[in-house]
Amino acid sequence: MLNTETIIQIHHLKFKRGQREIFRDMNIEIPKGKITAILGPSGSGKTTLLKMIGGQLSPEAGKVVVKGNDLALLTRSELFELRKKMGMLFQSGALFSDMSVFENVAFPLKVNTNLGEGLIRDIVLMKLQAVGLRGACELMPSELSGGMARRVALARAIALDPEIVMYDEPFAGQDPIGMGVLVELIKKLNKSLGHTSVIISHDIQETLSIADHICIMSEGVVIAQGSADEIKESTLENVQQFINGYPDGPVPFHYPSEDIMQQLMTEN
Amino acid sequence: MFDMLAALGRQGISYIASLGKATLVVIHALFVWPQPIKNMPLLLKQLYSVGVKSLLIITVSGLFIGMVLGLQGYTILVDFGSEQSVGQMVALSLVRELAPVVTALLFAGRAGSALTAEIGLMKATEQLASLEMIGVDPLRRVVAPRLWAGFISMPILSMIFAAVGIYGGALVSVDWLGVYSGSFWSVMQASVDFYDDVLNGIIKALVFGLVVTWIAVYQGLECIPTSEGIAQSTTRTVVYSSLMILALDFVLTALMFGDI
Amino acid sequence: MRSRSIEILVGLFLVCGLVAALALAMSVSGLTLGSKDTYKVYAHFENIGGLTEKAEVTVAGVQVGTVSKIELDPQMLVAKVEMKIFADVDYLSVDSSVQILTSGLLGGKYIGLSVGAEEEVLIEGSMIEDTQSALVLEELIGKFLFDKVSE
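Chains as they are written, first to last, in our numbering: chain F, 13 to 280; chain V, 1439 to 1698; chain W, 314 to 464.
You may find that some hints are simply not true.
Short, incomplete list of chain W residues facing chain V, as computed with Cβ under 10 Å [stated by the list, open to error]:
(1) Leu325
(2) Phe326
(3) Leu331
(4) Ala333
(5) Ala336
(6) Leu337
(7) Gly343
(8) Leu344
(9) Val370
(10) Thr371
(11) Thr379
(12) Val380
(13) Lys382
(14) Tyr423
Rather than coming from a laboratory, the hints here were simulated on the basis of the structure. Just so we're clear, the structure is a prediction, and the values are computed from it rather than from any experiment. All residues carry an ideal CB built from backbone N, CA and C; glycine is no exception.
The shape of chain F in the complex, shown without the other chains (with noise of 0.2 Å):
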């Protein structure tokens, strides 16, 4: 990270859910105006962390600084102001299902802002022009396919041109259409918008060829971080067995238990 300005900073950040320690000591910086991306297996708490950046959960201690703003120190109006400069793609979409494209593209200028029908409905066929999918504006969600209700709901995150755009899982379940259009999308609409872009994700080739900067996350804690050479190169036994795939390694392919043999063994 040479010489760019940091947007997102996340400092000793430690999270529980019940019993399961999800982050230990997580720090992670998140430079302007680049592609990041925070790569880690599943269930290791990469979508919890997108929450406590856009602050629907707070974590148990650490800080989360957005935009120079301490989270935890926000009022809920002042949090609310901060969200407009975030967009979110969820995992699923979360397309209101009782809209049209258009209204849910609509939907946060129209609740955000003061502009003039006219002026919105300009703006959405921009958004969805720019997604490939002006065409499909009168559709209802439920009549789009995966990969189309993903493209919608990337026109919405980005509504409102915010600051920020995070993407959650943006390529999991896609055909490879579907993902090579969304990478597309992805690093055309972070260079033409100008805005910081972090992907969570655990397709590791999609993300490795368009994130400028890369955190490997793992137990709680950041293992790796570089560019996407740097991340190859790596010699870390743990970063190996991730971004090749093997099926055993740091992380285990058997779930922790007993011995077989004496498990096998023993009169129940």
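Got chain F; can you put chains V and W on it based on the hints?
Quick look at chains V and W alone, frame taken from chain F:
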């Protein structure tokens, strides 16, 4: 032994905690609701799905319950030569008890479960989280109109139930069994008091409406966001609402009509 | 225009509620909005024995009005009953008699009016002189026993 006590204590604490949370939800949603004009379309939509869609089942049940009351009342009272009083019996039992209680039970099954499932689904598909990220408070946008719609619809449905039921009773006892219609209605009017009976029935319906929608909405918000979780919460809505309705009905009846 | 039809249906729903409320108020609990189509007549009873307001007033079993007020006459120490007779029943002669009756064995009390022979008819404010009080079961039994003893 101590384990059992501890488990009981833990249960108790978690029940009280969720009760407190639910109270906060309802207060936040009901009383911090600015811009009623802007939110009118949302309320209308909820009135439609909560009220209008329950209308058919309420009308049909009300009609049949009234007819059964008329028939049963007639066969009992005719032995004492007092079949004119059948109107009084039908009207009082409907207005005071059956209309609010049966309407609330049907309402819990029809509208309450739908509310829970809808909100649970919105939670499971991250629509609620998405609203929050867009900067809209889901309590105001999603919960408040539903609570208000339940609160408004229940008394209306209950009144419709009672009115339809009484006309159903009249149909059976006056038109089919031949009770003299003048005494049917005037005995009824002599015994039913608008304030003591009709208004108290409406108050019951209001309370039940609030409780049922409250439980339904809270169960939806707190459900485990999986299809299994939603199914469980939906069942819980119906069970909890029914129990609450019957228990509260006793309390309210004791306060309104009893000398306890 | 989906939202338009929703608006209309919700409007209908609210109207249904209003109609039900009116039905409950007017025809079930007998509230009236102004009482234009009735006229009042009065009668004194020695004992009303459980007659209530809103009880029916009948002629030959057919309802012609309702009891609207019952109060104690402080001078004569008897019950004064105010009845509202339907305006279209304007042919009850002044010498009609009224009687408090019981419908069935357990039913409520009502007033039976027997029409007299005079040409002159009851009008607003008329007093019916010929009245017969309610039969009170205890009195009846008492009288019966007394008669038995005196035989």
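Comparing the hints with the structure gives:
no., hint, verdict
1, Leu325, "8 Å, holds"
2, Phe326, "5 Å, holds"
3, Leu331, "8 Å, holds"
4, Ala333, "4 Å, holds"
5, Ala336, "4 Å, holds"
6, Leu337, "5 Å, holds"
7, Gly343, "3 Å, holds"
8, Leu344, "5 Å, holds"
9, Val370, "9 Å, holds"
10, Thr371, "7 Å, holds"
11, Thr379, "6 Å, holds"
12, Val380, "8 Å, holds"
13, Lys382, "13 Å, violated"
14, Tyr423, "7 Å, holds"
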